[in-house]
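Build out the structure end to end from the sequences listed, making use of the hints.
2 protein chains.
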Amino acid sequence: KEKGESVSNETCLSVAGGPVAVPTTEQRYKTYMAPGSSSEKKTDDGHASKENFIHLCNPHLEKMKEDILYHFALGTGTHDFPTLFGDVKFVCVGGSPSRMKAFIAYIAEELGLGSPGCDYPNICAGTDRYAMYKVGPVLSVSHGMGIPSISIMLHELIKLLYHAKCSDITIIRIGTSGGIGLEPGSVVITRQSVDATFKPQLEQVVLGKTVIRSTNLDEQLAKELMQCSKEIGQFNTVIGNTMCTLDFYEGQGRLDGAICLYDEEEKLQYLKNAYESGVRNIEMESSVFAAMCNLSGVKAAVVCVTLLNRLEGDQITSSHDVLVEYQQRPQKLVGYFIKKSLGKV
Amino acid sequence: KEKGESVSNETCLSVAGGPVAVPTTEQRYKTYMAPGSSSEKKTDDGHASKENFIHLCNPHLEKMKEDILYHFALGTGTHDFPTLFGDVKFVCVGGSPSRMKAFIAYIAEELGLGSPGCDYPNICAGTDRYAMYKVGPVLSVSHGMGIPSISIMLHELIKLLYHAKCSDITIIRIGTSGGIGLEPGSVVITRQSVDATFKPQLEQVVLGKTVIRSTNLDEQLAKELMQCSKEIGQFNTVIGNTMCTLDFYEGQGRLDGAICLYDEEEKLQYLKNAYESGVRNIEMESSVFAAMCNLSGVKAAVVCVTLLNRLEGDQITSSHDVLVEYQQRPQKLVGYFIKKSLGKV
Numbered sequence: 001k002e003k004g005e006s007v008s009n010e011t012c013l014s015v016a017g018g019p020v021a022v023p024t025t026e027q028r029y030k031t032y033m034a035p036g037s038s039s040e041k042k043t044d045d046g047h048a049s050k051e052n053f054i055h056l057c058n059p060h061l062e063k064m065k066e067d068i069l070y071h072f073a074l075g076t077g078t079h080d081f082p083t084l085f086g087d088v089k090f091v092c093v094g095g096s097p098s099r100m101k102a103f104i105a106y107i108a109e110e111l112g113l114g115s116p117g118c119d120y121p122n123i124c125a126g127t128d129r130y131a132m133y134k135v136g137p138v139l140s141v142s143h144g145m146g147i148p149s150i151s152i153m154l155h156e157l158i159k160l161l162y163h164a165k166c167s168d169i170t171i172i173r174i175g176t177s178g179g180i181g182l183e184p185g186s187v188v189i190t191r192q193s194v195d196a197t198f199k200p201q202l203e204q205v206v207l208g209k210t211v212i213r214s215t216n217l218d219e220q221l222a223k224e225l226m227q228c229s230k231e232i233g234q235f236n237t238v239i240g241n242t243m244c245t246l247d248f249y250e251g252q253g254r255l256d257g258a259i260c261l262y263d264e265e266e267k268l269q270y271l272k273n274a275y276e277s278g279v280r281n282i283e284m285e286s287s288v289f290a291a292m293c294n295l296s297g298v299k300a301a302v303v304c305v306t307l308l309n310r311l312e313g314d315q316i317t318s319s320h321d322v323l324v325e326y327q328q329r330p331q332k333l334v335g336y337f338i339k340k341s342l343g344k345v
Numbered sequence: 001k002e003k004g005e006s007v008s009n010e011t012c013l014s015v016a017g018g019p020v021a022v023p024t025t026e027q028r029y030k031t032y033m034a035p036g037s038s039s040e041k042k043t044d045d046g047h048a049s050k051e052n053f054i055h056l057c058n059p060h061l062e063k064m065k066e067d068i069l070y071h072f073a074l075g076t077g078t079h080d081f082p083t084l085f086g087d088v089k090f091v092c093v094g095g096s097p098s099r100m101k102a103f104i105a106y107i108a109e110e111l112g113l114g115s116p117g118c119d120y121p122n123i124c125a126g127t128d129r130y131a132m133y134k135v136g137p138v139l140s141v142s143h144g145m146g147i148p149s150i151s152i153m154l155h156e157l158i159k160l161l162y163h164a165k166c167s168d169i170t171i172i173r174i175g176t177s178g179g180i181g182l183e184p185g186s187v188v189i190t191r192q193s194v195d196a197t198f199k200p201q202l203e204q205v206v207l208g209k210t211v212i213r214s215t216n217l218d219e220q221l222a223k224e225l226m227q228c229s230k231e232i233g234q235f236n237t238v239i240g241n242t243m244c245t246l247d248f249y250e251g252q253g254r255l256d257g258a259i260c261l262y263d264e265e266e267k268l269q270y271l272k273n274a275y276e277s278g279v280r281n282i283e284m285e286s287s288v289f290a291a292m293c294n295l296s297g298v299k300a301a302v303v304c305v306t307l308l309n310r311l312e313g314d315q316i317t318s319s320h321d322v323l324v325e326y327q328q329r330p331q332k333l334v335g336y337f338i339k340k341s342l343g344k345v
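Same order as they appear, the protein sequences are chains A and B. The numbering of the first sequence is this note's numbering, which starts it at 1 and goes up by one. The numbering of the second sequence is this note's numbering, which starts it at 1 and goes up by one.
Since the hints were made in silico from the structure, they are not lab data. Check the hints yourself; a few may be wrong.
To be verified - Under 7 Å between C-beta atoms, here's a sample of chain A residues computed to sit facing chain B:
| id | residue |
| --- | --- |
| 1 | Cys57 |
| 2 | Ser98 |
| 3 | Lys101 |
| 4 | Met145 |
| 5 | Leu255 |
| 6 | Tyr270 |
Note that the coordinates shown come from a computational prediction; the quantities given were computed from them, not determined experimentally. Note that the Cβ used here is the ideal one computed from N, Cα and C, for glycine as well.
The structure is reproduced here in structure tokens:
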């Protein structure tokens with residue numbers, strides 16, 4: 001295996017945001033709900049903003065007559081993507097299908113676009129791989145657990161947004177995680193997603209060769225989300241690094257898996273090293289999420305609640321009701337952010 | 001990152017089958033349905049067989065008062081595992097929850113343990129991470145997509161079987177895959193699970209260090225399954241190597257993902273190299289499945305149908321009905337194997 005051999009033509013990285021001053025999400029979207037949009041928009045604040053389309057890092061797709069998004073059970077030959085999804089501006093993704101269904105009902109009510117008790121159909125009803133819901137400019141999609149599962153979903157989601165000719169997309173992962181040195185229930189907005197050796201990178205194997213990709217996330221978006229949390233003022237929120245692992249048990253230093261060949265001292269030393277390097281929580285999807293959004297030129301953020309403090313244990317022992325309330329916190333924060341971005345706060 | 005540094009005390013590997021001649025699955029299980037089992041059983045053929053319990057490679061678990069299997073929504077403090085699961089002998093796992101539900105209905109009918117149209121409750125109804133169904137000695141569990149997702153499930157499944165004091169477990173993954181050089185619809189029984197560089201190993205990161213684990217599967221079980229396929233005689237089945245990747249698009253050399261920075265020639269060369277090394281299909285779970293079953297001393301096999309021939313394309317274009325029939329083939333094969341093992345053929 002050729003370690004560190006990087007694919008030389010990954011020029012797509014250059015599209016992931018430039019050094020120029022960009023308008024805030026609020027400035028960008030405030031007028032979204034108003035009719036009559038053009039490709040050169042002026043916001044309330046007089047900022048001229050050029051629409052930012054999805055950057056597809058794949059020249060082969062243009063040559064395809066039809067594109068079947070197999071794991072969504074959707075295809076360009078059978079579905080009119082611009083009509084179905086063209087108005088999407090915010091995409092929220094999370095592991096659990098039922099949580100993403102709950103989110104769409106929540107955001108619909110928050111934006112005044114739904115009625116209580118209204119049922120939202122699963123757009124991916126033709127498969128049980130992922131679930132997808134939509135209301136107004138918000139798409140909510142489940143991604144299962146782990147890097148491979150979210151990566152399949154993101155490949156097809158990015159193509160969906162591209163085929164639908166969407167622009168100015170903000171995509172946020174709302175999830176659960178294990179915290180390090182934080183009171184359970186705290187929310188972490190990810191500064192950088194780091195790997196199990198605390199490096200802000202993702203190793204992928206492409207045609208048998210290892211490729212290293214950057215896992216940076218949008219700094220301004222993280223700050224805007226932090227500001228939203230301050231305005232809500234209901235739970236502890238921090239900006240910190242998020243460690244993304246390939247395994248929940250051994251990969252995160254747990255002592256309670258079916259396999260564990262290290263002792264408690266080694267585990268705690270590892271978690272303390274993680275904390276010292278800036279890691280505040282651990283989950284299993286953020287690195288490939290950041291890497292793929294980077295390559296596709298999409299603004300992205302990761303907002304996860306911590307279900308426990310890993311310095312104090314491995315098992316999630318809080319009551320069902322407490323966990324349910326914790327899991328609503330990222331939804332609440334991102335819901336508020338979307339409302340504010342649309343000028344509805 | 002210390003590459004190739006192996007955790008030195010992985011002695012559990014020694015439990016994964018010995019060089020001694022073992023009875024076939026049929027010899028072992030034939031009398032299972034008969035009452036009065038003892039820990040030193042005699043089969044019809046006069047083989048004395050010692051019960052083979054789950055080998056738990058984790059000394060910490062013994063010290064825990066309660067074990068919560070969070071992603072199953074089950075716990076030793078709230079559920080009586082020996083009563084609920086003590087009679088399990090066969091565990092079938094697969095990615096899709098609806099497919100695993102269909103399998104339990106199918107096997108129930110095959111074993112004469114259910115009635116047509118009977119509904120089987122989801123044992124993991126308290127969560128939407130995984131689905132689990134049981135009928136008689138057969139447990140059917142979904143695992144989602146990718147190594148991390150199946151690994152969480154397997155940690156909790158192995159602990160479940162251990163807590164339930166199960167013995168003589170055979171666990172089979174029934175799944176879908178992309179074939180190489182095979183007619184679509186062919187079934188591949190995995191000889192060895194190999195990584196994206198065609199090596200029969202799994203790299204895992206434990207406490208930040210890379211550990212290499214063996215991904216061998218039970219040879220005798222693979223042969224028995226092959227014999228079953230011959231007896232059924234309804235579809236093409238081969239024994240071959242299975243490549244296990246972390247990504248469906250770039251990781252498998254597809255040209256139709258959101259990101260693709262290589263050309264068709266490079267892709268085909270990679271797939272041809274895979275074929276020459278013995279790879280006949282590609283999926284995303286077999287390596288960690290083999291590694292964890294090895295470490296836990298559980299007989300394991302992987303039986304996947306191929307939905308397309310990757311030398312001829314990347315998109316799964318067969319009609320829904322054809323794909324449904326393909327997906328039933330591993331179920332049919334494993335269903336027949338279980339029936340035969342229980343002396344019911």
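Was the hint right that Tyr270 (chain A) lines chain B, CB cutoff 7 Å?
With a closest approach of 5 Å, the Tyr270 (chain A) hint holds.
For the restraint on Met145 (chain A), tell me whether the closest CB of chain B is nearer than 7 Å.
Holds. Min distance 5 Å.
Measuring from the C-beta of Leu255 (chain A) to each C-beta in chain B, is the shortest one below 7 Å?
holds (4 Å)
Min Cβ distance, Cys57 (chain A) to chain B: is it shorter than 7 Å?
At 4 Å from the nearest chain B Cβ, Cys57 (chain A) passes the 7 Å test, so the hint holds.
Under 7 Å, Cβ to Cβ, is where Ser98 (chain A) needs to be relative to chain B, so tell me if that hint holds or is violated.
Holds, about 5 Å.
Report holds or violated for the interface hint on Lys101 (chain A), using the least CB-CB distance to chain B and a cut-off of 7 Å.
With a closest approach of 10 Å, the Lys101 (chain A) hint is violated.
When held up to the earlier numbered hints, the structure conflicts with hint 3 and nothing else.
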